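Participant: Protein chains in written order, with our numbering: chain F, 409 to 626; chain Z, 39 to 738.
These aren't lab readings, by the way, just hints derived from the structure by calculation. There's no promise every hint is true.
[To be verified] To give an idea of the interface, some chain F residues facing chain Z are shown, with a C-beta separation under 10 Å as derived from the structure: (1) Glu474; (2) Gln569; (3) Val617; (4) Gly623.
From a predicted model like this one, the values you see are computed outputs, not experimental measurements. Beta carbons are placed, not taken as given, at the ideal position from N, Cα and C, and that holds for glycine.
Here is what each chain is made of, one letter per residue.
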Amino acid sequence: MTYSIIARCKETGKFGAAVSTCFPGVGAYSPHIEANTGAVITQGWVNPALGQEGLNYLRQSYTANETLNHLLIKDPGKELRQVAVMDQYGNSSAYTGVENDAYKGHIIGEQWSVQGNILAGPEVLEEMARAFEESTGKLEVRLLDALAAGDNAGGETRGKQSAVIKVVDIDQFPYVDFRVDDHEEPVQELRRIYEKNKSVLIERYYEWVDAVKQGIVL
Amino acid sequence: MQDDILTAMKERFGQQAIHIREKATDHILSSEPSIACCMAKADSSGPWERLSESEVVFDLDDFQVALVGPASYNAEEALQYFEEHTPWILFLLEHDRKQQDDDFLYLLMHTAKTLASKMYDENILEVVIRSVVEAITAADTGFLFLYDEQIDKLLVRSAVGFRKESYQKTRLKAGEGVSGQVFANEEPMIINGEAEIRGAMEGMSPANYRYYLASTEDRPFPDCMMSVPLRFQNETIGVLTIDSFQVHAAFTKRDLLLLETLADHVAIVITHSRLYQQEKRKREEFQRTLHALRKEHEMMQRTTDFHNRLTNIAARGEGAEAIVDTLMRTVAHPFAIYDSLLHPFYETEGAAEKSLPENFLSHDRVRYVIKTNKWQVIPAEDGNLIVLPIMGAEAVWGFLCVWAADDQLAENDIVLFEYGATVLSLELTKEEAVKEAEMNAKGELVEGILTGESRETLEVQAANLGLSTSDYYVMVLGRLKPGSVEGLMPSHIKMQKREAVQFLEEELSKRGIRGITSMNRSYIFAMVSFSEAEGKASARDQMKSLVAGLENTAVPLHIGVGRVHKNITNVNKSYTDAEKCLELLENNPGQNVISFVNAGIYRFLLQHSEEELDLFIDDILGPLLNYDQKKNGELMKTLAAYVTHDKDLKKVTQELNIHHNTLYYRISRIQEILELDAGNMDEWFNIQLAYHVYKYRNNQ
Chain F
409 MTYSIIARCK
419 ETGKFGAAVS
429 TCFPGVGAYS
439 PHIEANTGAV
449 ITQGWVNPAL
459 GQEGLNYLRQ
469 SYTANETLNH
479 LLIKDPGKEL
489 RQVAVMDQYG
499 NSSAYTGVEN
509 DAYKGHIIGE
519 QWSVQGNILA
529 GPEVLEEMAR
539 AFEESTGKLE
549 VRLLDALAAG
559 DNAGGETRGK
569 QSAVIKVVDI
579 DQFPYVDFRV
589 DDHEEPVQEL
599 RRIYEKNKSV
609 LIERYYEWVD
619 AVKQGIVL
Chain Z
39 MQDDILTAMK
49 ERFGQQAIHI
59 REKATDHILS
69 SEPSIACCMA
79 KADSSGPWER
89 LSESEVVFDL
99 DDFQVALVGP
109 ASYNAEEALQ
119 YFEEHTPWIL
129 FLLEHDRKQQ
139 DDDFLYLLMH
149 TAKTLASKMY
159 DENILEVVIR
169 SVVEAITAAD
179 TGFLFLYDEQ
189 IDKLLVRSAV
199 GFRKESYQKT
209 RLKAGEGVSG
219 QVFANEEPMI
229 INGEAEIRGA
239 MEGMSPANYR
249 YYLASTEDRP
259 FPDCMMSVPL
269 RFQNETIGVL
279 TIDSFQVHAA
289 FTKRDLLLLE
299 TLADHVAIVI
309 THSRLYQQEK
319 RKREEFQRTL
329 HALRKEHEMM
339 QRTTDFHNRL
349 TNIAARGEGA
359 EAIVDTLMRT
369 VAHPFAIYDS
379 LLHPFYETEG
389 AAEKSLPENF
399 LSHDRVRYVI
409 KTNKWQVIPA
419 EDGNLIVLPI
429 MGAEAVWGFL
439 CVWAADDQLA
449 ENDIVLFEYG
459 ATVLSLELTK
469 EEAVKEAEMN
479 AKGELVEGIL
489 TGESRETLEV
499 QAANLGLSTS
509 DYYVMVLGRL
519 KPGSVEGLMP
529 SHIKMQKREA
539 VQFLEEELSK
549 RGIRGITSMN
559 RSYIFAMVSF
569 SEAEGKASAR
579 DQMKSLVAGL
589 ENTAVPLHIG
599 VGRVHKNITN
609 VNKSYTDAEK
619 CLELLENNPG
629 QNVISFVNAG
639 IYRFLLQHSE
649 EELDLFIDDI
659 LGPLLNYDQK
669 KNGELMKTLA
679 AYVTHDKDLK
689 KVTQELNIHH
699 NTLYYRISRI
709 QEILELDAGN
719 MDEWFNIQLA
729 YHVYKYRNNQ
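Only chain F is shown next, with the shape it has when bound in the complex:
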């Protein structure tokens, strides 16, 4: 009941993810991302504990494949879920459980993967992948482009309600972290929130982190 993208910026090494679903407050459950570590997305019949467990594993330098196997073997409900993992090296790995409803699937690309279930069709994932590959600029912009492409291609058949985008840079200091918990057009709303607030929160990010760390004010 979700479509999402997980990616690593080739230039900056930042990890990011964006998710949209027909369920309130998706940002509370997914994605799990940590700077210099990687990212984990769980969806379908979501199991948020897998996210943290995945990060714990990735932190020990395990690859995406190893981490995914680790999560699946621990999870009796694996067939109800979709899990996508990206490791610190930028490799991604994904699993779509057989009990997710159609259309379901995932596409793995170079330092990104898109995955979804209860989708209008394969074109949702294909469009997301195309949009991400063709988009240029900051990772967050490319993620938003991918999410919008999925939305425009029909998104989820049951409807839409919430969305989230996260990009991490310096550990413990949120970089791009916006959520729409309940909205008729969550993907568009997410873009609006990003555009409106990026100058305050993102363009002065490093200054803010530096100021916080040194105990000075901006």
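Mind docking chain Z on chain F? Use the hints.
Facilitator: Just chain Z now, with coordinates in the frame of chain F:
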């Protein structure tokens, strides 16, 4: 030597100090550098000038001399003295300049060596500022600023003589304060005088100004400062700012030159150090990546190798056992393969000590495996049990069960197990299809015989299966007991039928009896043949032995055995016999096998139609049954006991739990109703026979 000459000169006039300044180079030579002089203020209007009570400056062609001290002397005489000693003084100046050049070079070399030797130290930035402040004699404090691209500001990365907790908060914009200006303009600055320095710093932001003041130790502003950009390949990476808090201290052009020269070196060292750190990080990253890559490669190699082996096995048609054998060689975990009824198909040595959880097939996770055709893990005390489905043509054929004490190994191997199970599924499906085809061929022959197919075709088919048409034939039919298949999946039923076929095959082979075994929709069957030459009696004997063996089946099976008939075309008669035996078995729950020749009275009953039998019952027992029905009586029941116990009254009263008087009464009523003469043997036989027919029909 130089000090001696200067001392001699000052003492010649009883003064405290003498300073000589070379006009061309501004180079100053002092007997007492700590005693200040104001030579620069002299206006050169005369050959000598008294600047204060204690200081007189003599102006000569190439140099100035300042005498400092309270004692009086003749200035004209002093002037003359200096003029006379001009060559000496010039020599002295040159000597000192050379000495200073040597010092300069030494400082440069020394500092360069220190920095080079510490270049890869983590605290290189502290080493830099300390070395620079040490190299410049007049300096006592200093800041090393580096530009931070992410926040577009200059940050103090190390300092000497300032408080870290304050200076580390400084964030200078380009152009802000002295260091900010030097960074922005990429030009060095030298400021002597406290007031001038204070003025130059006033443009700083209030916060930075405050952090600066809080970082100073004794007083807020130094007496002199100089600041130079750190440049490397057309890029300014930071600023070195050096101060002196000594009273009246002043930096010379020579100091600035030294600082600039050091700055060039420092810029290289810092850039190099950064590249080194960056390279070190990258190396560590590469190491991690390499490690991960190796692990992935190993995994991939194992998977590929496993894949190749299995592909070869499949290509050579080596079968399921070869597949399992390869799996065993590839993975270290104990594992076992069971069919859907949990009969072991294969077990590794380690697996023999293991056991499946109780009620395995009804375990939630196993049911989930069957539902989704995907593996599941059952947690156990001594590690996990991974259950992978092996798929048959229509449903789950069985399970690959892996006991994984080590989670991580299992995580790595799960792909291999999945792959192994898949290939095994395909192989077993293939083997199943081959068996099916064989069975169909046998089944077709039997069907052909039963439907009266042409003799020629039958002969060809029989010959293909190694049978001779003129032999003696017996049909053995089997059917799973009705209660035994309830709740079973079709695949389980099929598997049980297979087992039954196998059982029949084994029983024939044990006795060296020829025959073909198979199954069709209705029955599991064995068409048994005996050599024509050995005769019918031999065939019957062998059949007796076979029937006895068939009793011992573990499969829940009813078996009916027909009579021996000559020629394959007559096997349909034996088939009918066997079918009748199966009918009988349905009404005799205690029995598993009935052979037509041993069927006793039933054998005769089986040969009559149901209508005929019912007519016979009605003729003999009709009045009694009607009576019971009308009166709701128990006379039929009494007659049954009377026949069964062959007129033994005691046994009858015990079974019916009635008084013997009651029994006498009932028997006389029965005789009346049936108009039976108890002494007539024929009549009594009729009653007995009718009762058996009645029982037979009612059980049906």
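Participant: Hint by hint, note whether the structure agrees.
Facilitator: Each hint, compared with the structure:
no.	hint	in the structure
1	Glu474	7 Å, holds
2	Gln569	28 Å, violated
3	Val617	9 Å, holds
4	Gly623	7 Å, holds
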